[in-house]
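Visitor: Could you put together the complete structure from these sequences and hints?
Chain by chain, the residues:
There are 2 protein chains.
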Amino acid sequence: MQLDSAQLNAFSAVIDEGSFERAAAVLHITRSAVSQRIKLLEERVGQVLVRRATPCTATEAGQALYRHAREIALSEADALAAIGGGPRSTTRLAIGVNADSLATWFPAAMAQAGEDPSITFDIHVEDQDHSANLLREGRVMAAVTADPQPVQGCQVLPLGTLRYRALASPAFMQRFFATGVTATTLARAPMLVFNRKDALQERFVRRITRRALTPPVHWLPEAHAFVKATQAGLGWGMAPDLMVAGHLHAGTLVELIAGKPVDVPLYWQYWRLNVQALARMTAAVQATAHSALLRR
Amino acid sequence: MQLDSAQLNAFSAVIDEGSFERAAAVLHITRSAVSQRIKLLEERVGQVLVRRATPCTATEAGQALYRHAREIALSEADALAAIGGGPRSTTRLAIGVNADSLATWFPAAMAQAGEDPSITFDIHVEDQDHSANLLREGRVMAAVTADPQPVQGCQVLPLGTLRYRALASPAFMQRFFATGVTATTLARAPMLVFNRKDALQERFVRRITRRALTPPVHWLPEAHAFVKATQAGLGWGMAPDLMVAGHLHAGTLVELIAGKPVDVPLYWQYWRLNVQALARMTAAVQATAHSALLRR
Numbered sequence: 000m001q002l003d004s005a006q007l008n009a010f011s012a013v014i015d016e017g018s019f020e021r022a023a024a025v026l027h028i029t030r031s032a033v034s035q036r037i038k039l040l041e042e043r044v045g046q047v048l049v050r051r052a053t054p055c056t057a058t059e060a061g062q063a064l065y066r067h068a069r070e071i072a073l074s075e076a077d078a079l080a081a082i083g084g085g086p087r088s089t090t091r092l093a094i095g096v097n098a099d100s101l102a103t104w105f106p107a108a109m110a111q112a113g114e115d116p117s118i119t120f121d122i123h124v125e126d127q128d129h130s131a132n133l134l135r136e137g138r139v140m141a142a143v144t145a146d147p148q149p150v151q152g153c154q155v156l157p158l159g160t161l162r163y164r165a166l167a168s169p170a171f172m173q174r175f176f177a178t179g180v181t182a183t184t185l186a187r188a189p190m191l192v193f194n195r196k197d198a199l200q201e202r203f204v205r206r207i208t209r210r211a212l213t214p215p216v217h218w219l220p221e222a223h224a225f226v227k228a229t230q231a232g233l234g235w236g237m238a239p240d241l242m243v244a245g246h247l248h249a250g251t252l253v254e255l256i257a258g259k260p261v262d263v264p265l266y267w268q269y270w271r272l273n274v275q276a277l278a279r280m281t282a283a284v285q286a287t288a289h290s291a292l293l294r295r
Numbered sequence: 000m001q002l003d004s005a006q007l008n009a010f011s012a013v014i015d016e017g018s019f020e021r022a023a024a025v026l027h028i029t030r031s032a033v034s035q036r037i038k039l040l041e042e043r044v045g046q047v048l049v050r051r052a053t054p055c056t057a058t059e060a061g062q063a064l065y066r067h068a069r070e071i072a073l074s075e076a077d078a079l080a081a082i083g084g085g086p087r088s089t090t091r092l093a094i095g096v097n098a099d100s101l102a103t104w105f106p107a108a109m110a111q112a113g114e115d116p117s118i119t120f121d122i123h124v125e126d127q128d129h130s131a132n133l134l135r136e137g138r139v140m141a142a143v144t145a146d147p148q149p150v151q152g153c154q155v156l157p158l159g160t161l162r163y164r165a166l167a168s169p170a171f172m173q174r175f176f177a178t179g180v181t182a183t184t185l186a187r188a189p190m191l192v193f194n195r196k197d198a199l200q201e202r203f204v205r206r207i208t209r210r211a212l213t214p215p216v217h218w219l220p221e222a223h224a225f226v227k228a229t230q231a232g233l234g235w236g237m238a239p240d241l242m243v244a245g246h247l248h249a250g251t252l253v254e255l256i257a258g259k260p261v262d263v264p265l266y267w268q269y270w271r272l273n274v275q276a277l278a279r280m281t282a283a284v285q286a287t288a289h290s291a292l293l294r295r
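Heads up: the protein sequence lines correspond to chains H and X, in order.
Counting along the first sequence from 1, when you hit position 77 you're at 76 in numbering that gives the first Met the number 0, and nothing is skipped either side.
Counting along the second sequence from 1, when you hit position 113 you're at 112 in numbering that gives the first Met the number 0, and nothing is skipped either side.
Please keep in mind that the hints were generated in silico from the structure rather than gathered at the bench.
One thing to keep in mind: the hints can contain errors.
Distance windows between CB atoms, simulated [as the list claims (entries may be wrong)]:
no., chain 1, residue 1, chain 2, residue 2, range
1, H, Thr213, X, Ala186, 53 to 61 angstroms
2, H, His289, X, Thr178, 33 to 41 angstroms
3, X, Ala145, H, Thr213, 35 to 43 angstroms
4, X, Pro264, H, Ser290, 36 to 44 angstroms
5, H, Asp262, X, Thr184, 43 to 51 angstroms
6, H, Arg205, X, Arg187, 50 to 58 angstroms
7, H, Arg209, X, Leu39, 29 to 37 angstroms
8, X, Ala186, H, His289, 35 to 43 angstroms
9, X, Gly45, H, Val261, 38 to 46 angstroms
10, X, Arg50, H, Ile82, 43 to 51 angstroms
11, X, Ala32, H, Asp115, 32 to 40 angstroms
12, X, Gly179, H, Arg205, 36 to 44 angstroms
Think about it this way: if two alpha-carbon atoms lie no more than 30 angstroms apart in a straight line, the pair counts; the simulated DSBU-like pairs of lysine-lysine are [unchecked claim]:
no., chain 1, residue 1, chain 2, residue 2
13, H, Lys259, H, Lys227
14, X, Lys259, X, Lys227
15, H, Lys196, H, Lys259
16, H, Lys196, X, Lys227
17, H, Lys227, X, Lys196
18, X, Lys38, H, Lys227
19, H, Lys227, H, Lys196
20, H, Lys196, X, Lys38
21, X, Lys196, H, Lys196
22, X, Lys196, X, Lys259
23, X, Lys196, H, Lys38
24, X, Lys227, X, Lys196
No experiment lies behind these values; they were computed from the predicted model shown.
Just so you know, even glycine gets a beta-carbon here, dropped at the ideal spot from N, CA and C.
Guide: This is the structure:
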């Protein structure tokens with residue numbers, strides 16, 4: 000089936016911008032023209048593609064089409080640049096990144112690739128164990144992920160290892176682990192967990208106790224707040240060396256068990272597309288990860 | 000209609016924990032008992048309540064019931080504590096907080112209230128202009144919000160003002176705003192925006208130019224990465240004084256237009272419930288906000 004490129008364009012603009020108004024402004028057409036094109040496209044494929052909400056998002060059917068629309072837009076931008084035709088257009092890179100990478104090494108890679116003013120970023124925060132789903136759903140074209148299995152149509156590059164440590168404040172250690180870090184004490188000590196997708200604390204507990212425990216849990220989905228709450232003694236939690244080296248050195252955070260880190264190997268998965276902006280970002284990510292992450 | 004409290008309990012545990020397995024572990028029952036109770040509850044109300052996914056979440060119908068289930072659990076915990084009966088149980092406070100509060104003053108409030116070991120937190124990150132929705136949906140029992148209109152059943156307390164400034168690196172200023180900060184230069188300079196719900200940059204642009212512009216946009220939903228990207232010269236963006244005072248002082252970030260902050264008054268909205276843990280957190284939030292935020 001042949002799809003209308005103006006309709007596809009309107010559709011991906013609505014998803015990119017989050018509203019019909021902003022899509023209209025970006026495309027320099029009226030809001031009703033955007034609305035009309037999307038309605039026609041939805042009739043053509045026989046599915047609702049846009050969830051009309053604030054912000055607008057793609058439905059499940061829309062996600063598959065969005066990937067197609069983005070690929071077309073990317074290839075077109077490159078083709079136009081190659082023949083020197085058309086106005087200078089920007090390429091928006093939708094990328095899934097885990098919060099701890101974003102809080103540490105990833106911005107440097109963005110800064111490096113972003114020196115090219117034709118690149119803009121659309122960063123999605125997602126747990127490293129789940130970001131491959133964003134690729135599968137077509138919501139991003141590249142991701143920092145813990146999943147080495149290539150998503151269909153994707154290339155995988157190993158980036159290195161993010162090393163996590165189980166940490167607590169000295170006062171918290173005294174209060175909950177004075178008798179040692181055991182199944183008994185771990186079952187009672189409050190545990191900080193980033194969100195429902197974060198399995199790092201559980202992984203550490205299983206490694207130490209060989210079973211799953213159900214201690215009191217604080218859910219706290221912000222990387223720096225997570226470290227601050229650990230320092231304040233709210234709970235113990237896993238944080239990457241890259242964020243806490245200073246605190247460990249100063250002794251304001253200590254390891255629950257010295258020398259028992261949890262290593263998370265990270266990979267860069269990206270659509271196998273011959274697009275300049277994506278190649279540039281891939282090089283920047285590799286270079287930055289190479290100097291920031293541990294190598295095996 | 001009289002609902003079974005064991006079923007309600009199983010339901011809210013699945014939503015709180017994100018999976019049937021963890022809910023079973025927390026309730027000390029089998030996974031199939033959890034599954035059975037939820038099925039019975041769903042049959043009773045005639046609606047699907049749990050979206051079976053990783054993690055499990057409440058459906059729209061489930062959200063309304065979740066609020067009811069949480070209220071019952073909270074009141075029960077207080078009643079048991081008052082009569083000194085039952086095992087010491089923890090109260091989980093589900094709270095919606097905007098990312099910039101979480102990255103700055105809010106962890107101190109958590110630390111203060113969290114000195115009571117019977118309190119655990121379930122923090123949801125949400126834009127200050129949208130967090131009132133979390134209250135409406137019953138997904139949180141309190142929220143830091145920009146919305147002073149009380150959500151039904153909620154109490155509102157003013158917290159003070161978070162002051163934002165439009166910031167860029169000196170090199171970025173030189174490159175894009177050498178001729179001044181005008182509609183022409185703002186339309187071309189890359190702009191950092193937290194996510195589709197973040198209207199702060201747009202608000203600043205409208206105030207300066209009296210119109211909406213469509214500059215290139217980087218979407219970057221992580222508070223510290225946002226500031227880092229601004230420093231690296233990827234774009235200009237709005238950041239709170241509390242996060243950037245040091246950078247402004249050192250000159251690594253400068254204001255686009257000196258003395259044109261955007262002030263965001265924040266409010267604490269919480270369920271009108273006579274629950275000790277919520278009262279304790281409310282006092283901690285008021286005290287912390289009082290010393291960290293600006294007063295009008």
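Visitor: Look at each hint and say if it fits the structure.
Guide: Evaluation of the provided hints:
1. Restraint check, threonine 213(H) to alanine 186(X): a C-beta distance of roughly 54 angstroms satisfies the suggested window 53 to 61 angstroms.
2. A hinted range of 33 to 41 angstroms holds for the C-beta pair histidine 289(H) and threonine 178(X), which are about 39 angstroms apart.
3. Here the CB-CB span from alanine 145(X) to threonine 213(H) is close to 36 angstroms, well matched to the stated 35 to 43 angstroms.
4. The supplied range of 36 to 44 angstroms is met by proline 264(X) and serine 290(H), whose beta-carbon atoms lie about 43 angstroms from each other.
5. For aspartate 262(H) and threonine 184(X), the Cβ-Cβ distance of about 47 angstroms falls inside the hinted range of 43 to 51 angstroms, so the restraint holds.
6. Between arginine 205(H) and arginine 187(X), the C-beta spacing of about 53 angstroms keeps the proposed range 50 to 58 angstroms intact.
7. Here the CB-CB span from arginine 209(H) to leucine 39(X) is close to 34 angstroms, well matched to the stated 29 to 37 angstroms.
8. For alanine 186(X) paired with histidine 289(H), a C-beta distance near 37 angstroms keeps the hint of 35 to 43 angstroms intact.
9. Hint check: glycine 45(X) to valine 261(H), Cβ distance near 44 angstroms, so the stated range 38 to 46 angstroms holds.
10. At about 48 angstroms, the CB distance of arginine 50(X) to isoleucine 82(H) agrees with the hint of 43 to 51 angstroms.
11. Taken as a hint, the range 32 to 40 angstroms is violated for the pair alanine 32(X) and aspartate 115(H), whose Cβ atoms sit roughly 57 angstroms apart.
12. The hinted range of 36 to 44 angstroms is not satisfied by glycine 179(X) and arginine 205(H), whose Cβ atoms lie roughly 59 angstroms apart.
13. Proposed proximity of lysine 259(H) and lysine 227(H) is supported: the alpha carbons are some 22 angstroms apart, at most 30 angstroms.
14. Of the supplied pair hints, the one linking lysine 259(X) and lysine 227(X) holds, its CA atoms being roughly 22 angstroms apart against a limit of 30 angstroms.
15. Taking the CA atoms of lysine 196(H) and lysine 259(H), the gap is near 22 angstroms; set against the 30 angstroms cutoff, the hint holds.
16. Using a Cα cut-off of 30 angstroms, the hinted pair lysine 196(H) and lysine 227(X) holds, with the two alpha carbons roughly 26 angstroms apart.
17. Simply put, lysine 227(H) and lysine 196(X) have alpha-carbon atoms about 26 angstroms apart, close enough for the 30 angstroms limit, and the pair holds.
18. Pair hint lysine 38(X) plus lysine 227(H) does not hold up; C-alpha atoms about 40 angstroms apart against a cutoff of 30 angstroms.
19. Straight-line distance between C-alpha atoms of lysine 227(H) and lysine 196(H) comes to about 20 angstroms, which keeps the hinted pair within the 30 angstroms bound.
20. Between the alpha carbons of lysine 196(H) and lysine 38(X) the distance comes to roughly 24 angstroms, so the proposed pair stays at or under 30 angstroms and holds.
21. The suggested pairing of lysine 196(X) with lysine 196(H) holds, with an alpha-carbon distance near 23 angstroms, which does not exceed 30 angstroms.
22. For the hint pairing lysine 196(X) with lysine 259(X), the CA-to-CA distance comes to about 22 angstroms; that is within 30 angstroms, so the pair holds.
23. For the proposed pair lysine 196(X) and lysine 38(H), the alpha carbon gap of about 24 angstroms is at most 30 angstroms, so the pair holds.
24. For the proposed pair lysine 227(X) and lysine 196(X), the alpha carbon gap of about 20 angstroms is at most 30 angstroms, so the pair holds.
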